[in-house]
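Residue numbers (UniProt numbering): 1 to 146.
By construction, these hints were calculated from the structure, which means they are not laboratory data. From a predicted model like this one, the values you see are computed outputs, not experimental measurements. Some clues are possibly wrong.
Unchecked claim - Simulated DEER-style distance windows between Cβ atoms:
id, residue 1, residue 2, range
1, Thr145, Gly49, 48 to 58 angstroms
2, Asp61, Ala120, 18 to 28 angstroms
3, Asp42, Thr145, 45 to 55 angstroms
Positions of the beta carbon are idealized from the N, C-alpha and C atoms, including for glycine.
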Amino acid sequence: MTVQRMDNVAIVVDDLDAAVAFFTELGLEVEGRAHIEGPWADDAVGLDGVRSDIAMMRTPDGHGRLELTRYVTPAAARPAPADPPPHTPGLHRVMFAVDDIDGTVARLRAHGGELLGGIARYEDAYRLCYLRGPAGIIVALAERTG
């Protein structure tokens with residue numbers, strides 16, 4: 001048996017609507033929204049009393065998906081620090097290829113996106129940056145230049 005595909009990456013957020021707006025501005029599309037609860041959800045997640053709302057976001061090419069999840073119960077745990085730096089062990093970041101990094105950063109700033117540094121050039125191949133989005137999510141952007 002082999003893996004068929006990577007289906008999605010789940011990100012827990014405090015404000016689902018703000019996260020949906022941020023990733024919609026980035027160019028992802030809402031594939032669907034749902035309320036999740038019941039014994040099957042408790043079993044799958046390994047928590048008791050799971051009640052959550054999710055939004056499934058799809059990349060324009062249809063191959064990548066993000067599942068944005070807001071837990072109603074149990075309350076989401078907050079790691080310390082609240083906004084871990086990029087070198088913290090665990091999920092590092094989600095990277096998206098874009099065709100206009102300057103325009104994308106400007107649009108995401110209007111939705112709370114905050115550059116962690118600047119927009120860097122990697123040789124003559126890419127312009128790259130990291131920004132922090134909703135719930136402290138680090139989003140990387142890459143614009144091919146060469």
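Hint check results:
For the pair Thr145 and Gly49, the supplied restraint of 48 to 58 angstroms holds, since their beta-carbon distance comes to about 50 angstroms. Our hint of 18 to 28 angstroms for Asp61 and Ala120 holds, since their Cβ atoms are close to 25 angstroms apart. For Asp42 and Thr145, the Cβ-Cβ distance of about 48 angstroms falls inside the hinted range of 45 to 55 angstroms, so the restraint holds.
Checked against the numbered hints listed earlier, the structure breaks none of them; every hint is satisfied.
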